[in-house]
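Participant: Spelled out, the chains give:
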Amino acid sequence: MTDTAVHGHDSSTGISNIKLGMWTFLGSECLLFGGLISTYMLYRGRVTGGPRPAQIFDIPFTSVSSFVLLMSSLTMVLAVSAAHKNEHRKTNLWLTVTALLGATFVGGQVYEFTAFYNEGLGFSTSLFGSSFYTLTGFHGVHVTVGIIMLMSLVGIFKRSAVPGKKAEVVEMIGLYWHFVDIVWIIIFTLVYLIPV
Amino acid sequence: MAIIERETEVVVPVTVTPTSTYGVLKRPVSATGWRAWVFTVDHKKLGLMYGATAMFFFIVGGVEALLIRLQLAAPNGKVLNADLYNQMFTMHATTMVFLFVMPMAAGLANYFIPLQIGARDVAFPRINALGFWLLLFAGIFINLSWFLGGAADGGWFMYAPNSGPVFSPTNGIDFWAFGLQIAGIASLTGAINLIVTVLNMRAPGMTLMKMPIFTWMMTVVQFLLLFAVPVITVALFLLSFQRNFGARFFDVAAGADPLLWQHLFWIFGHPEVYILVLPAFGIVSEVLPVFSRKPLFGYPFVVFSGAAIGFVGWGVWAHHMFASGLGPVSVAVFSLTTMAIAVPTGVKIINWTLTMWGGKLYFSTAMKFSIGLIVLFTVGGLSGVTHSVAPSDTQQTDTYYIVAHFHYVLFGGAVLGFFSGFYYWWPKMFGKMLNERLGGWNFWLMVIGMNMTFGPMHILGLQGQPRRMYQWTEARAGEGFFNLAFWNMIASIGSFVLAVGILLFLINVVITARNPTRAPLDPWNSRSLEWLTSNPPKEHNFDVIPTVHHLDEFFHRKYEEDPESHTMRQIATAEEIMAEQERNADKHIHMPSPSYWPIVVAFSVLVITFGMIFSYLIAAIGGVTLLFASFGWALEPSTAPESDFESNSSTPGTALDSVGNS
Amino acid sequence: MNHSLRHSNLKSRVASVLLVVGKKYRTLFGVAMASTVAAGCAQNAPQDTWQPKGPNAKIIDDLQQPVFAVAGIIGLIVAVAIIYVIFKYKDRGQPIPEQTHGKPALEITLTIIPALILAVVAVFTFGAIFKLAKTDDTEMIINVTGQQWWWEYDYPVQNEFGINQPIISSGQLVMPVGTKVLLRETSRDVIHSYWIPALNGKRDAVPGRVQTLRLEADKPGLFAGQCTEFCGLSHANMRMEAIALSKADFAKWVANQQAAYVAPEKDSLAQQGEAVFLNQCVRCHQVNGLLRADGTPAIAAPDENVWSGAAPNLTHLMSRNTFAGATFDLLSKQCRDEVWNAPSSEIGEKYLAGVSENCLNQKDLRGWLRNAPAMKPMYANPTQLVATGGKYRGMPYLALSEDDISKLVAYLLTLK
Amino acid sequence: MTTDTTHAATSAEHAENHGMSNAGYIRIALILAAITALEVSTVYIDFGPFFLPALLIMMAVKFVMVVSYFMHLKFDNKIFSLMFYAGLILAVGVYAAFLATFKFFIQ
Ligand code: HEA
Ligand code: HEA
Ligand code: CUA
Ligand SMILES: [Cu+2]
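Chains as they are written, first to last, in the working numbering: chain A, 1 to 196; chain B, 197 to 858; chain C, 859 to 1274; chain D, 1275 to 1381.
No lab work stands behind these hints, which were simulated from the structure alone. For glycine and all other residues, C-beta sits at the position ideal for the given N, C-alpha and C. Just to be clear, a hint being listed does not mean it is correct.
[What the hints assert, rightly or not] Computed list of chain A residues with no C-beta within reach of chain B, every gap over 12 Å: (1) S65; (2) V97; (3) L100; (4) T104; (5) V110.
[Claimed, not checked] For the chain B half of the interface with chain D, some residues (derived, Cβ under 8 Å), not all of them: (6) L395; (7) H459; (8) I463; (9) L522.
Work out the full structure, taking the sequences as your base and the hints as a guide.
Facilitator: See below:
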């Protein structure tokens, strides 16, 4: 060891620091979304004015956008797989597709929010409104951040080849992306499918 | 214990730092002067910066406390008006908890975890720097509210709906909530960083059960932070959305339940109190063995009890809500779990006592503070147990008896622990020894002052004086010489004794800084790996990454058991061991390079929060800056390419100089 | 022996041991806290938590005394052990000891002992929790509503106590002795907490919820209390008192509270005061039976003026001893002491006498009418009430002339 | 122990532990899609008392599948699972207890 260059911040176990960091972060995110989901579960039935959940939810529509998000996880994992095989063009392709699917989902959410708003559910309308928009909004922001990261990655890869670590970067963003997806799996069931 | 420093004249290994700048934007070159601090990513420098920031806020919080005590010294106090008083105790607690104890713990963790596990830096040095700057900006931000319309005035647990826009119309609570969000990000990044560091970067041979106990306790703290911070993040978001965007979360007219806030706050808040005290437990568990010349009694028990405290700490939060109306079933359950947590804490007290038992005790100032902690924390812990008996707690809650409890555990626990750590580690951090005689005065004044201040609060509370009252009245003070007036006066006098004690510490620091005598390499005959470095450590910490064979590795390099008498016999001095290290030094060590981005990112976050309060335009500007800064960050390789390094062996000891510059 | 721990034989035996220990070492806890206690405590501190005056507080006290004792003993053991170690093992030049790493058996023993102690404590704690939560033996109900920064009491119709129409009062809670009273607490704005230490522990008054608290007094008496949940600006000035009256006295009190309104005598100062009152005060304060000049009943509309939507009902103001969240005395110092220091048997009589002209604390009441927010911090500056849509939190400054104030005082004195 | 060796080590790990081909991923995705369809069907078909448990189980299965396969947790170092599931289980436990206290609200 003495003769090679030793970097001050390297892992001594062979486990990637950044990956361990990412998983640690995701563990923490469980408590963030847990808190938001619990708040929603406590307040979902408290409607003093404005529509009730069952009156405005459009299950077929949300099912489709949920499906879109689910499939974006598939394209994401394909991107990771391609990155590991050093297939640059494929990586970029799948990353782009993932971002597009994510954008579709967010677009769906924007549409849904507008529709709900028009049906009388504003952020301040009722506890249901406040907690619904907060929960799904937080999720939407997470997806949006994911999209920005995906697009940035594509851009960076196009301009310069990030040496060596590329696959790992893709993998990290993949982990984040899948996490956002599994949060939606829970939200979809608890918020939309269990009636109030 | 006198160890004479031997001049070693071996080749000093060199830390190579990049000499040119690179990256998308130019990168700061490690320099001297303020740049060396502002753009640093060195865990030791950041540790010191955390420490200095925390110390500053300790004095701020302390002066706030003194104002509180002045106001309460006599009935119908006129020093502060009601409004100002309410801001004062809110900010006192906020400052002490979030801007003193937590950053101080973060500072010590930053400085010593890498040293104790035999690493050269943390896993993510730039994120480390980001954490510090966020924290500093959060502290400044929260305190700016004093000058921008009034500070938060809802008490440190900020119960809804009293913290809502109607009942607290100034911006104070907005500053408070956003500021704590920023501090929360800092804690979270710090937690992830240190967890990865501990799990991933230990020196060869250092299994988890050979890890120094301070590192262990700090690791538990990081896990608590990791999981507790998001909970208060949620709570603060709900509050901010209510205050700024018309959400209804705590609006009773809309059917909201105010207990939601209480639950969320205390789900965070209880783990938080262990976040505050476990670092001190870690320090004490380092100091006691060193000055008892004996290993920590029952190391695995101390480790597991620490983990158990961390774990059980998640199931007790509602003991802060015994009077809130949870219903008897919940109250009973949380009463039980709260009692349960006394058991692992007791394990610690018992183990510390038994560590000293049969030892060879040397009463340095550090040791005095540690022993002080054992006794005074126990007092606070035991009053905690009396709270855990829920029916009794309904008599005690929100009285000075509670105030007594938490100051005994916080001051008698966390603060005394820190002071123990200061005296113990000062030579390591600054290469100078704090004056021990002054230290003795420091210790005794603090202990006497603290007992004078907080001891009477037990009596005040049990006599029925509620907390958070800007004035108390003689009508309710009782008769006889020892009435509430008497005890309030004693407490107020005590707080100034305490202040003098702390002032002595600051004086000690100044005296020490001016004293040219350098500390010996191993002044305390210590046991753990951080002492396998120079005082202060070189930029790269270790000349050779040590291979670990024992718990208390450093001690076992110095001593060997005499097979007959079973006592320990010295086989090497610290100087010899260090000289050996230098001889075998790694030749070429790359340390992470400084970076502009952490402070830029942190600053954009600050701008965003300002904008949230004053103008969304400013927030948008901050957002854009943040986005670009993030790109800059992402595109900057964490170390310079090989070609950018150039051996600067002609100037040995630069690393040392730059740290000593403090 | 205390009746609260009499469940089972075993339990009571353990309890009695603990109790004896408790009595004996009652002070040790404080000693361990390095303070001189017991002798050091104030006498007659009106909010002392160690002087129960009713069965509910007694349940708590019987539980906590042994716990304090146990805690004190443990604290003492730790302190003694540390002192012993310090003297025994200090560095006298002995060799560095063997590096032993602990004795698991000892360790486990010392872990189990505290666990067992706490298990015993937990059993009794559970008993007390459920006993204090009982509501099915309630004999009388009083609704208590907290708001910034005073308490309102509302006695629903309960014919067995002679309450045939709701009674609304503030500040001082009047209740019969030996009666299991159940408070049903709520709040109109933020969280408050109701606490009469001599009678029971605290229970928060949470807006949107109704929560209960049992009170019962053994003997007639006055018991001090204080709001103990931080509730904003004047939290410190949100006090209350509970007055336990013998059943006969309580009946008199009830009768008086339901007595019809007596208009002040014609052409008296008080009558002019009534006019001022109708002009200035009645928009917030209700006085039952008060008629406007045109003969219609004057109905207060506090909800249009005060954020919490209520202001104290003043119908029988002078039957109370204190006002404005029990912060100020309605009685002069001398008269106050007469009531507060009266022996239990005479308290009823003294209290029911109410506030006579001679006994009135003119200074504070006039001060209040002159400028209430100057006496008690309240949100009453109209320019700062944007967040509440102009509604006050507390009583505003009304710019009354001294003349009007005198008239009002005369009028208020008639509200017996 | 340079960056490069570390990286080599991790990518070597990937190479042998990947465990899944692209076809495998697609298969998983199909199963996920099928479960989702089943989930949505509960809105239209009455499953009686099985409704709620069935929904929750399906949710959990989807969750675990994504985590295990797409996120590779099944094939990766155990320490990642530890970090993630610690957070997850803590969150479920704490928040379930939290919601329960509202149910136990008796008076
Ligand atoms: C460092 C911080 C810290 C620590 C370590 C603790 C430790 C404990 N705390 Fe404390 N607590 C606070 C900080 C802390 N607390 C704060 C800040 C508040 C108030 C917040 C606010 O309202 O503003 C508070 C409030 C608080 C309450 C709520 C009171 C109220 O508001 O009504 C309760 C109730 O149960 C409680 C209990 C306990 C218990 C049982 C412990 C236990 O962990 C203590 C365990 C230790 C021992 C018991 C001593 C050593 C043990 C032995 C020697 C073994 C033998 C012992 C026995 C058999 C008993 N605490
Ligand atoms: C780590 C946490 C911590 C620490 C260290 C302290 C330290 C102190 N606290 Fe604090 N306190 C809290 C946490 C802490 N407190 C919390 C959480 C609350 C609850 C708030 C709430 O209800 O919301 C509280 C509340 C609280 C109250 C109750 C207020 C009320 O309910 O109305 C009081 C009253 O006496 C008090 C006093 C003190 C004193 C005298 C100190 C002393 O120990 C301070 C000692 C420090 C110094 C004195 C500074 C040294 C200064 C110098 C050396 C410079 C000298 C300069 C001059 C003299 C000008 N505190
Ligand atoms: Cu009401 Cu405090
Ligand atoms: Cu707690």
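Participant: Hint by hint, say whether it matches the structure.
Facilitator: We went through each hint and held it up to the structure:
no., hint, in the structure
1, S65, "holds, 24 Å"
2, V97, "holds, 22 Å"
3, L100, "holds, 21 Å"
4, T104, "holds, 23 Å"
5, V110, "holds, 18 Å"
6, L395, "holds, 7 Å"
7, H459, "holds, 5 Å"
8, I463, "holds, 6 Å"
9, L522, "holds, 6 Å"
In this structure, every one of the numbered hints holds.
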